[in-house]
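Novice: Protein sequence lines, in the order shown, are assigned to chains W and G. The first sequence begins at 1412 in the working numbering and counts up by one. The second sequence begins at 796 in the working numbering and counts up by one.
Everything labelled a hint here was simulated from the structure, so no lab data went into it. Take these hints with a grain of salt, some might be off.
[Said to hold, decoys possible] Partner residues are not named here, just some residues of chain G that face chain W (Cβ under 7 Å, in silico):
#	residue
1	P976
2	E977
3	S998
4	S1000
5	P1001
6	L1002
7	P1007
8	I1008
9	S1015
10	K1017
11	K1081
Treat the numbers as computed from the prediction; the structure is a model and nothing was measured. C-beta atoms are modelled at their ideal positions from N, C-alpha and C, and glycine is treated no differently.
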Amino acid sequence: MSFFSWAWGWISNGANWRGPGDIPQQILAHLEYSGLALLIAVVVAVPLGVALGHSGRGSAVVTNLANAARAIPTLGLLILLTVLAGFSPLAWLLPLVVLGIPPVLVNAYEGVAGVDPDVKDAARGAGMTTRQQILRVEVPCAMPLILTGLRTSAVFVVATATIAAYVGLGGLGRFIVDGLASSQYGPVAGGALLVVGLAIAVLILFSVLSRVLVPAGLRGSERSE
Amino acid sequence: MRMKLTYGAAALTLAAVTALTACSSGGSSGSGSSGSNPLSGGSSGGSVVVGSANFPEDELLAQIYVQALKAKGVNATAKLNIGAREVYYPQVKSGAISVIPEYNGGLLTNSVDTKSDAKTTVGVDAALKAKLPSSLEILNPAPASNSDAVTVTQATAGKYHLKSISDLTSVAKNLTLGGPPEFKTRPDGISGLKKTYGLTFKSFSPLDESGPITLKALTSGKVDAADVFTTTPQIQTDHLVSLSDPRHDFAAQNIIPLVNKKAATPKITAALNAVDAKLTTQALLKMDTAVITQHANYSTVASGFLSQEGLG
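Just chain W, with the same shape it has in the complex:
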């Protein structure tokens, strides 16, 4: 049997969609963990990236900080925090936030720092305050890149939230960890496929978002990360 037939055999079994710890519950828990982590990452990283990008300073700091954060092993941090801090939400939230910040931060910084100097001049020349320059000109111009960072980060976090299952929490990782521990391939393959599905759904969501949030004049100019 192939990976997909194992995965589909398990996903299509109605019993796995009912009862305690079923597929809908774990998808919800998974979205809750990743959504909360992503929200915190955005609240921290977007203002910081935009502010640094506007000032045009701190490029070395941002890049090094982001690269250093990327080197932190998420699973190691999770287990360390669980042992140190006990079973507080901090233990699973912090590793996912640390994972989610770098793409958002770097892209917000690059997006704002890279706005065409002529456009910035024009905004200043039109008599805009600093706040207006940032919110009405620089952030909208940087929006394609900011969204790219968010999208990358969201896919990272959704795919990695599986590790919460290592410390007894729910989410789609529950099926993978439990399946591995009891040598049942169905839930391992099925859980993995559901994670992939969720990550693809996140990608689609962000492509819809970018249609809504990117100013009409900038559409089609989205740069890759």
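Since the structure of chain W is provided, determine the placement of chain G on it from the hints.
Specialist: Coordinates of chain G only, in the frame set by chain W:
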């Protein structure tokens, strides 16, 4: 050509070392040949090679066996940290390793008879004796056992007057249980506790295999009881209580020497049986705590135990 020379030199050195080791009969203590490649195998050339698996407790037990054999004038060397059972078991079978400290239940269900459902020490040993390959034998089991156990904090044990799993009958429904994820489906896990003792816990938290997460969950009160191995140092350092298992839900895991028959002379057999007779779970837990938590020297801890029991 150069390769050949190197091999030649290595062979010469090896021969010289073997000769030297063979000359120094017994007496002086030593850390054994833990530096040499444990996978190289080779003949034991008249000396007894005590192997160990790749975790602290088994290395400690191997040190105890080596020193006990040396005290009886047997020329014994140690090959520590060989690997998992899949790696060392064939080597004991072939005679490259003469003796290894084993766990009777694990040996039976992992390597000898995977379908066996023997649980008690006597039952497991009988099954091993019936099914072991002809080149191998087991000696006497030690009272010491490193088995699964439903474990609680001293506070919980005091509150509900718990000594054995049977004492949980009336309170289990109010308690949460933790353990490795497979505990949910393992025959001796949740279903075993229900079948053997009629216990149904309030809920189950999938954690890790008697590791840091399970211990943290137990000591922080996230779970009230957990599956923890009986010689885990935190039982001593965090004041935990392993509940006894009078109806044998979990298989026995007594320490037992697995011996290649070629090495099993009466002198060696007697020396190892004498060690096992004195080895209790309490003594082993204390020594594990010394080497794992307090980073004490393995061979010092081993010789301390032997001299205390009059075997060294």
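Novice: Work down the list of hints and note, for each, if the structure agrees.
Specialist: Results for each hint:
The interface hint given for P976/G is met, as the beta carbon of that residue sits about 4 Å from the closest beta carbon of chain W, less than 7 Å. A least Cβ separation of about 4 Å between E977/G and chain W falls short of the 7 Å threshold, and the interface hint therefore holds. With 7 Å as the threshold, the beta carbon of S998/G stays out of range of chain W, its nearest partner Cβ sitting at about 9 Å, so the hint is violated. Interface restraint check: S1000/G against chain W, minimum CB-CB distance 4 Å, threshold 7 Å, status holds.
A distance limit of 7 Å between C-beta atoms decides the matter here; for P1001/G the minimum to chain W is near 6 Å, and the interface restraint holds. A distance limit of 7 Å between C-beta atoms decides the matter here; for L1002/G the minimum to chain W is near 5 Å, and the interface restraint holds. Interface hint at P1007/G: satisfied, since its Cβ lies 5 Å from the closest Cβ of chain W, which is below the 7 Å cut-off. For the restraint placing I1008/G at the interface with chain W, the shortest Cβ-Cβ distance is roughly 6 Å, inside the 7 Å limit, so the hint holds.
Among the interface hints, the one on S1015/G holds; its C-beta lies about 4 Å from the nearest C-beta in chain W, closer than the 7 Å criterion. Proximity of K1017/G to chain W holds as hinted, the smallest CB-CB distance being about 5 Å (cut-off 7 Å). A distance limit of 7 Å between C-beta atoms decides the matter here; for K1081/G the minimum to chain W is near 24 Å, and the interface restraint is violated.
Checked against the numbered hints listed earlier, the structure breaks hints 3, 11; every other hint is satisfied.
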